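Participant: Listed here are the chains, written in short residue letters.
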Amino acid sequence: MKNDILSPRALAWKKLLRNKLAIFGGVLLLFLVLSSLLAPWIAPYSVNEIDLFNIESPPGVDHLLGTDDLGRDVFSRLLYGGRVSMTVGLLASASQILLGTLAGAIAGYYGGWTDSIIMRLVDIIMCFPFFILSICVAALLGPSMRNIIIIIAVIYWTNVARIVRAEVLSLKKREFIDAARAFGLSGWEIILQHIIPNVMASVTVYATLAIANGILTEASLSFLGLGVKPDIPSWGNMLSAAQSMRVLTRQWWLWIPPGVLVLLTVLSINFLGDGIRDALDPKLKV
Amino acid sequence: MKQYLFRRLLQSVAILFGVSIVIFLLIHLAPGDPFIQSMNPNVTPELREKMLRDIGYYDPIYIQYFKWMFSALKGNLGYSIQFAKPVTEVISDYLPNTILLGSTSLMLSLLIAIPAGVFSAIRRNSIADYGVTIFSFIGLSIPAFFFGLLLIKWFAFDWPILPTSGMVTIGSDYQGVNKTLDILRHLILPTVVLALLHTATFMRYTRSAMIEVLDQDFIRTARAKGVREQFVIWKHAFRNALLSIITIITLSIPGIFSGAVLTETIFVWPGIGRVNYDAIGRRDYPLVMGIMLMLAVVILLSNLLADILYAVADPRIRYDEEA
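Residue numbers (my numbering), protein chains in the order written: chain X, 1 to 286; chain S, 1 to 323.
Going by beta-carbon spacing under 10 Å, a handful of chain S positions derived as facing chain X:
(1) T133
(2) A156
(3) P254
(4) G273
(5) L295
(6) V297
(7) I299
(8) L300
With the C-beta cut set under 7 Å, the calculated list includes, among others, these residues of chain X facing chain S:
(9) P129
(10) F131
(11) A139
(12) L216
(13) A219
(14) G259
By construction, these hints were calculated from the structure, which means they are not laboratory data. Since the model is a prediction, treat every value here as computed from it, not as a measurement. Think of the CB as a built atom: it goes at the ideal place given N, C-alpha and C, for glycine as much as any other residue.
Isolated chain X (complex conformation) (with noise of 0.2 Å):
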């Protein structure tokens, strides 16, 4: 046998690999990616059709997942909803991702008051339960997708900033930066170029995760009418026709898929962001 080597990022690979729950989440994950992205290709109807003969008609030949209350075909608008809800994820995390990053790389390495501003700023916002600070806030901007992202990113920020803050601390203590600054390089220069590439493998594990929790951010706000307008299918407000007890007991197909469909995306994404976060860690052993 050889002895091999790996780099850093071989080794990760290897390890991520051999988990089987990081696999099934990142296959599964693929899929439902896909079939959201592929929906005006796979998707039999258009979101908005309305076929008056089938009115919440359940599931059959022609319609697989039946109608709703004005004949749209439910199969195509939760394909079509997919897209929706993994928006909302990726964009209320990638924007939690860059808020926290900066305001966490600026607390640490210039300290001080800037730090300390900063951070009180983080304590204040943590103050509040996250549930209810997000309706009260969606309640005032009122319903909208970009509002949910907001309202995401606004609060939840908060944690990236903590943990790279944390990071920023014990990296500054470090030669290479000792080294760029004799190097005449300023504050930014710093931050941007030594600082932040050097936290980027906690935030991905987090960002992965905040990509989860704004999908099921999505769903809870939709589900109470706060959340994404009703004229564009998101799994959120698809799933607030339960609201109604007819639709609840009798019209499964109306809530039941949605719910699933956000249950196993959650859980493709936390599995697979688990795996990452094991796969970086250099005390577990491949």
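Keeping the supplied structure of chain X fixed, place chain S upon it in accordance with the hints.
Facilitator: Below, chain S alone, put in the same frame as chain X:
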């Protein structure tokens, strides 16, 4: 230690001050005017203006803030528009129901999560361990309200054995033991829904805390001395893992209040979460402000408690350095 406590307490007060400013600004940016809407439309404009002036409606915003804050310090959170009662009274009417729901679900999740977490840490990589891991992932991934809706469908219609809304049977007039039993029956489904998420979290924490402790040398020493395995696990290992488990329990208190909003809304449970949701919809701003302020105090106290427990249990924590 005393100094550390004092500093953390001071810090909490400062944060609470910031929280109150945020709540105040948030509510003042809100559209609509609950004061004008709640007035009798037959009042003459002059009288209306005088009334508004009397309650400080025309004061500059910082004066309004200080007025609100000082009366809040005296325990007066204003009047709820919707209930026509002092906010503090509304909170004390509904908070016990939320605490009842929250504490039973916390107990349920600990009863399941701790044995399951310890078990899967001992039998690492067994089928049972995989089962626990997959269950906890599903618990973290299922939208709580979707789980609630499924339970309502199953237990209220497909197999009607449990009540799914309210806290007591409407129209019934149970007394004594029967009343308690009636409330308990109503409590079951919301408790299960609220407990699911925390059960999953606690399981994962218990498992990883136990694994960390079980790998340490003193466990090997205990085993080498011939201590019985039951003793090694519960007396030696679990005691040490308990520290991080307690911390995570304290830190999950805010999550219980957050989760209560959706759970209480679905099951029509008369708690503070549902009242808050309704109050936002009806623009009952004094009530919303009061509830948010109260919850911020609860969160600050539970964070403080977590820090203190941590510091008491782990003497390595240095008080002078901010982590």
